[in-house]
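Can you join these two chains into the complex? Each is in its own frame, and there are hints to help.
Listed here are the chains, written in short residue letters.
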Amino acid sequence: MKFKFIEEKFFHFLMLAATLCVFAFFGSILWTIITNGMKAMNWEMISQVPGGGFYLGKDGGILNAIVGSLYIVGGSTVLGLLISIPVVFFMNVYLKKKSKLAYLTRLSFDVLFGIPSIVYGAFAFTIMIFFGLKTSLLGGIIVVTFLIIPIFIRSMDEVAQSVSKDLLDATYSLGATKLETGKVIIRQIAPGIATATLLSIGRAIGDAAGVMFTAGFTDSIPTSLTQPAATLPLSVFFQLSSPIPEVRERAYAAALLLTIIVLIISIISRFIMHKFSKNKIK
Amino acid sequence: MSINLLKFRVLKDKSARGIMLILTGLSLFILVAMGAGLYWKSTTILSDQSLWKLLSSSEWSPMKGEFGFFSFIAGSIYVTVLSVLIALPISLLTALYVTENAKAWVKKLLFPVLDILAGIPPVVYGVWGTLVIVPWIADSVGPKFVEYTNGYTVLAGGIVLSIMIIPLLVSLFVEIFSTVSKDYKDASASLGATRWQTSRFIVLRKALPGIIAAIVLAISRAFGETLAVLMVCGNVINIPRNLFEGCYPLPALIANNYGEMLSLPLYESALMFAALVLFVIIFIFNLLSRILLQEVEKQFKL
Numbered sequence: 000m001k002f003k004f005i006e007e008k009f010f011h012f013l014m015l016a017a018t019l020c021v022f023a024f025f026g027s028i029l030w031t032i033i034t035n036g037m038k039a040m041n042w043e044m045i046s047q048v049p050g051g052g053f054y055l056g057k058d059g060g061i062l063n064a065i066v067g068s069l070y071i072v073g074g075s076t077v078l079g080l081l082i083s084i085p086v087v088f089f090m091n092v093y094l095k096k097k098s099k100l101a102y103l104t105r106l107s108f109d110v111l112f113g114i115p116s117i118v119y120g121a122f123a124f125t126i127m128i129f130f131g132l133k134t135s136l137l138g139g140i141i142v143v144t145f146l147i148i149p150i151f152i153r154s155m156d157e158v159a160q161s162v163s164k165d166l167l168d169a170t171y172s173l174g175a176t177k178l179e180t181g182k183v184i185i186r187q188i189a190p191g192i193a194t195a196t197l198l199s200i201g202r203a204i205g206d207a208a209g210v211m212f213t214a215g216f217t218d219s220i221p222t223s224l225t226q227p228a229a230t231l232p233l234s235v236f237f238q239l240s241s242p243i244p245e246v247r248e249r250a251y252a253a254a255l256l257l258t259i260i261v262l263i264i265s266i267i268s269r270f271i272m273h274k275f276s277k278n279k280i281k
Numbered sequence: 000m001s002i003n004l005l006k007f008r009v010l011k012d013k014s015a016r017g018i019m020l021i022l023t024g025l026s027l028f029i030l031v032a033m034g035a036g037l038y039w040k041s042t043t044i045l046s047d048q049s050l051w052k053l054l055s056s057s058e059w060s061p062m063k064g065e066f067g068f069f070s071f072i073a074g075s076i077y078v079t080v081l082s083v084l085i086a087l088p089i090s091l092l093t094a095l096y097v098t099e100n101a102k103a104w105v106k107k108l109l110f111p112v113l114d115i116l117a118g119i120p121p122v123v124y125g126v127w128g129t130l131v132i133v134p135w136i137a138d139s140v141g142p143k144f145v146e147y148t149n150g151y152t153v154l155a156g157g158i159v160l161s162i163m164i165i166p167l168l169v170s171l172f173v174e175i176f177s178t179v180s181k182d183y184k185d186a187s188a189s190l191g192a193t194r195w196q197t198s199r200f201i202v203l204r205k206a207l208p209g210i211i212a213a214i215v216l217a218i219s220r221a222f223g224e225t226l227a228v229l230m231v232c233g234n235v236i237n238i239p240r241n242l243f244e245g246c247y248p249l250p251a252l253i254a255n256n257y258g259e260m261l262s263l264p265l266y267e268s269a270l271m272f273a274a275l276v277l278f279v280i281i282f283i284f285n286l287l288s289r290i291l292l293q294e295v296e297k298q299f300k301l
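The listed protein sequences derive, respectively, from chains D and V. If you're matching positions, the first sequence starts at 0 in numbering that gives the first Met the number 0 and goes up one per residue. If you're matching positions, the second sequence starts at 0 in numbering that gives the first Met the number 0 and goes up one per residue.
Chain V extracted, bound-state conformation (with noise of 0.2 Å):
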């Protein structure tokens, strides 16, 4: 071989590496530049009230200029609550029953079904929760409880969302609960404990870390989630006092008022500081879920 070709070669190497590197470089700076931007974007209503009052008053006129947020941030918080309250009893059952109880042919109906409900685009949820979940809420469950309910309510978020993230919650915990050992479910099982003593006992507390993890992660899902709540939840300014009165979350806030936003400076800066917010909250979430996962992971690795 030339020498020239075997440079040829190196350059083409080093030089491919160079490329790779800065487009590396590039998709990690989206990240930061996302922080930055929606930061300075807010900088304008951030030195026209204080933080505190942005976030905790919940006078809302923007034509005034009063942009209090925790009506909004108030309906984010309620309604991730109750979806992960729903989802997580029966994502932690299905994931105990799938790989402690189940047969071969549960398992393999069962994964294809959580991919397609992961993969079902957020505004099919919307149209599914109009059609029955705002119904049954507005005809049978709201009258029970409340005098009049349209069904655009807190609770349809919640019931919603919740069958959103459970995909995600019952794949993470299946693949926690795997890693749990079977010396210790056996050892469990010649002490004479039942299935669900071993379950309750051994795989739970063992996969604890990784649970908590997993609903982090769920919440941060829930939390930024935009079109199918908007459809279900009312939007109604106000802090909801039950289950049955609407609310309006801060994804719903962004995407409803995009178009009128561009008339006013300091309402622009109030929509991107509601992403701000958002985007804060959720890295926050994620990096700690992941942070953990990432221990959980290297303990079982052992």
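So here's chain D without its partners, still in its complex pose (with noise of 0.2 Å):
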């Protein structure tokens, strides 16, 4: 046989090599989060708020960590919607294709995705400082909101990008103002809007480096903006660096729970891709 069959045999091997290996350590974590978490999964785990002696192995669950992740989720989501759309909106209707405004604003949300978010976290903690405010769920809102705009935009704007421009001559020669072409590219846009959300949310859920410094750790369910938030991602590291097993083992569950919801939101997601693209005009 030929050198460069046998060649084409030991590299296309390699190549299998390699994506299997892509599905085994998904099915490790998988694997491993699922078996681990199971143990100490019930019902007490997420309905309940830490009792006395939890971090000591006794009663109690995590159900403050759970609803300061919701909130935060929440907050940052609807604040980051709120900023995202008018920008990507802008860039696309009001700004030329060429617009140097539109090209340096691409470039520095491309730049601001790749910030970490420990930095994020270290700024937003120097200016909260500066303003004098305390370890809140406001300033975990705030700095989640920072860290999920350049996704929002990012995504968003791939998807206004493809919109035909045919469609909006059409609505100018109907004599519609740019603001008003927004009730059509709204509806172009729609999946689009629905995929960055879920990205967003996502990434939000996971975040943990950023919200340390900001909304801090309690066992209590915050009831006000100024009160500290517990989030998931904390609540499986600081149980996990305890010495006590059973503790430990609440943390693999929280981990589970962070996974699942991952799970899902990606399903979810993949759904949205393939059914609500109906009203697209290619």
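Fair warning: there could be bad hints in the mix.
[To be verified] Quick list of in silico lysine-lysine cross-link-like pairs, PhoX-like style, CA-CA up to 20 Å:
| hint | chain 1 | residue 1 | chain 2 | residue 2 |
| --- | --- | --- | --- | --- |
| 1 | V | K184 | D | K3 |
| 2 | D | K57 | D | K38 |
| 3 | D | K8 | V | K184 |
| 4 | D | K164 | D | K97 |
| 5 | V | K63 | V | K52 |
| 6 | V | K181 | V | K106 |
| 7 | D | K177 | D | K164 |
| 8 | D | K95 | D | K177 |
| 9 | V | K205 | V | K184 |
| 10 | D | K95 | V | K297 |
| 11 | D | K96 | V | K297 |
| 12 | V | K6 | D | K177 |
| 13 | D | K8 | V | K107 |
| 14 | V | K184 | V | K102 |
| 15 | V | K102 | D | K177 |
| 16 | D | K177 | D | K96 |
| 17 | D | K99 | V | K297 |
| 18 | D | K96 | D | K38 |
| 19 | V | K13 | D | K182 |
| 20 | V | K13 | V | K181 |
| 21 | V | K13 | D | K177 |
| 22 | D | K182 | D | K164 |
| 23 | D | K177 | D | K97 |
| 24 | D | K274 | V | K107 |
| 25 | V | K181 | D | K97 |
| 26 | D | K164 | D | K95 |
| 27 | D | K182 | V | K11 |
| 28 | D | K95 | V | K13 |
Just so you know, the hints here were simulated from the structure itself, not pulled from any lab data.
Following this line, the structure appears as structure tokens:
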């Protein structure tokens, strides 16, 4: 057999092996999290706040972290949408295709997307000290909003850029102002907004480094914006560093919960991408 | 239509434009504000010690006023380089397999898996690392090379990080490889080249600028990753001499000490300086790779 065919076989094998590797990593992560997480997973875990001696292995659950995470994710997603939809609309309707401002904006959001959340956290922390604020739900919501705005804008912008120019021209020729074309565009990019939202929720719920500085941690459910809030990733992190096995097992259960949420988000966004693109004009 | 209504619509349009311009401007301002804010916070330590001394000294004792970042920077670089070295061949081969060789169902299976891998939070990777990778290194791999290791090592950090950047690398590579024109591949095949030869001499060569951009992006992602690495790399302040020693990357330093730093102004400033170093390095790497990627895109759109 010629050398090139041996080479072909060899590299084909390597490629197959590499792809299997990726699947194996995926399987190993899911398997580890599920088998370890199931042990301590029960109704009490997700329906109660930590009781006295919770961190010594006594009764209680992680409802504080679940609710805290939901508050932060909900608040930041709404704020993020309110800020990023106008920005995307502005870039794609009011600015020309080759505008310098649009180029600069896209580039900065690309760069912002890459800035790690710990830097966002440190930056937000300095601002909070500057204004004399303590770690609070509000601080957490604001830093996560900053964190997800680049994700929102990048993924919505990608969809908005593909909206056909003819469609816009048709609305202008009917006498619509640029603002009024929004009614048409929003329908075109609706699936894009939905998937961008889910992507942002996924990132927001998993972020720990940013909220560590700004939202703090607490055993109770926050009742106002100025109180500190616990989050799921930090709950995993803190419980994992405990020397007591029962507490560590709860950390695995919390990690399982986090993984399940991320899996559900991923499935819904695939579903949306397939189903809700019916208004789309190619 | 009455003139008043028309005027009102135009006015609405104009004011919406103004508001949106302000929002766009403000969101652009985040980037500038972040750099400026961190720099402003770092001035305390920068006026106390020279930049060169901060970056090159490895003396770290905040209580004595010694702030040498070298071991942290070295730790970050070791972990990052290792993770890219592990992730690069796997991602390249996987992306080549998917674009050039694989059947449709493999793609249908692989992309959702990559999506989920990209979406799994760092803390879950950290848990997985402590449960699987750390014991594996401590019990199986470590003893073959060194006398004793507890598993919380540079190697563990590198492996966990590499899996976190594989989804990013593979999806970028797949995108880049699919821009290589089919004509080239057909021409190569008609000259009697095997699939691998076509991949090796046509696809990889054509895609080289894109590959470099993707690697630069992956480096900056790995460099800033905090929690997952912190959980498996040991957090001991030293300059690792081999893969089986613990290290202490920059983001871990910031995350671990955020509570204590308030007691000393110089300490706080030092940690903000660490954040500034992260910011500057990642800013430059990101900018480079984005500009490179845009050039690549332009080239193929012609």
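Results for each hint:
Between K184(V) and K3(D) the CA atoms are separated by roughly 17 Å; this keeps the pair inside 20 Å, and the hint holds. Using a Cα cut-off of 20 Å, the hinted pair K57(D) and K38(D) holds, with the two alpha carbons roughly 15 Å apart. At most 20 Å may separate the alpha-carbon atoms for a hinted pair to count; K8(D) and K184(V) meet this at roughly 19 Å. Restraint check for K164(D) and K97(D): the C-alpha separation of about 14 Å stays at or below 20 Å, so the hint holds.
The hinted pair formed by K63(V) and K52(V) meets the criterion: a straight-line CA distance of about 15 Å does not exceed 20 Å. For the hint linking K181(V) to K106(V), the alpha-carbon distance of about 19 Å falls within 20 Å, and the restraint holds. At most 20 Å may separate the alpha-carbon atoms for a hinted pair to count; K177(D) and K164(D) meet this at roughly 13 Å. Restraint check for K95(D) and K177(D): satisfied, since their Cα atoms lie roughly 12 Å apart, inside the 20 Å limit.
Taken as a hint, the K205(V) and K184(V) pair is honoured in the structure, with Cα atoms around 11 Å apart against an allowance of 20 Å. For the given pair, K95(D) sits about 18 Å from K297(V) by alpha-carbon distance, which is consistent with the 20 Å threshold. Between K96(D) and K297(V) the CA atoms are separated by roughly 14 Å; this keeps the pair inside 20 Å, and the hint holds. Between K6(V) and K177(D) the CA atoms are separated by roughly 14 Å; this keeps the pair inside 20 Å, and the hint holds.
Our distance criterion of 20 Å between C-alpha atoms is broken by K8(D) and K107(V), whose separation comes to about 24 Å. At most 20 Å may separate the alpha-carbon atoms for a hinted pair to count; K184(V) and K102(V) meet this at roughly 18 Å. A distance of roughly 45 Å separates the Cα atoms of K102(V) and K177(D); the hinted pair therefore is violated under the 20 Å criterion. Between K177(D) and K96(D) the alpha-carbon distance is near 15 Å, which keeps this suggested pair within the 20 Å criterion.
Of the supplied pair hints, the one linking K99(D) and K297(V) holds, its CA atoms being roughly 16 Å apart against a limit of 20 Å. Using a Cα cut-off of 20 Å, the hinted pair K96(D) and K38(D) is violated, with the two alpha carbons roughly 55 Å apart. Annotation: proposed proximity of K13(V) to K182(D) holds, straight-line Cα distance about 17 Å (limit 20 Å). A C-alpha spacing of about 47 Å is found between K13(V) and K181(V), which places the hinted pair above 20 Å, so the restraint is violated.
Under the criterion of a C-alpha separation no larger than 20 Å, the hint pairing K13(V) with K177(D) is consistent with the structure, at around 9 Å. Taken as a hint, the K182(D) and K164(D) pair is honoured in the structure, with Cα atoms around 15 Å apart against an allowance of 20 Å. A threshold of 20 Å between alpha carbons decides the hint, and for K177(D) with K97(D) the separation of about 18 Å falls inside it, so the pair holds. Straight-line distance between C-alpha atoms of K274(D) and K107(V) comes to about 17 Å, which keeps the hinted pair within the 20 Å bound.
Proposed proximity of K181(V) and K97(D) is contradicted: the alpha carbons are some 29 Å apart, above 20 Å. About 11 Å separates the Cα atoms of K164(D) and K95(D), which keeps this hinted pair within 20 Å; it holds. Restraint check for K182(D) and K11(V): satisfied, since their Cα atoms lie roughly 14 Å apart, inside the 20 Å limit. The suggested pairing of K95(D) with K13(V) holds, with an alpha-carbon distance near 16 Å, which does not exceed 20 Å.
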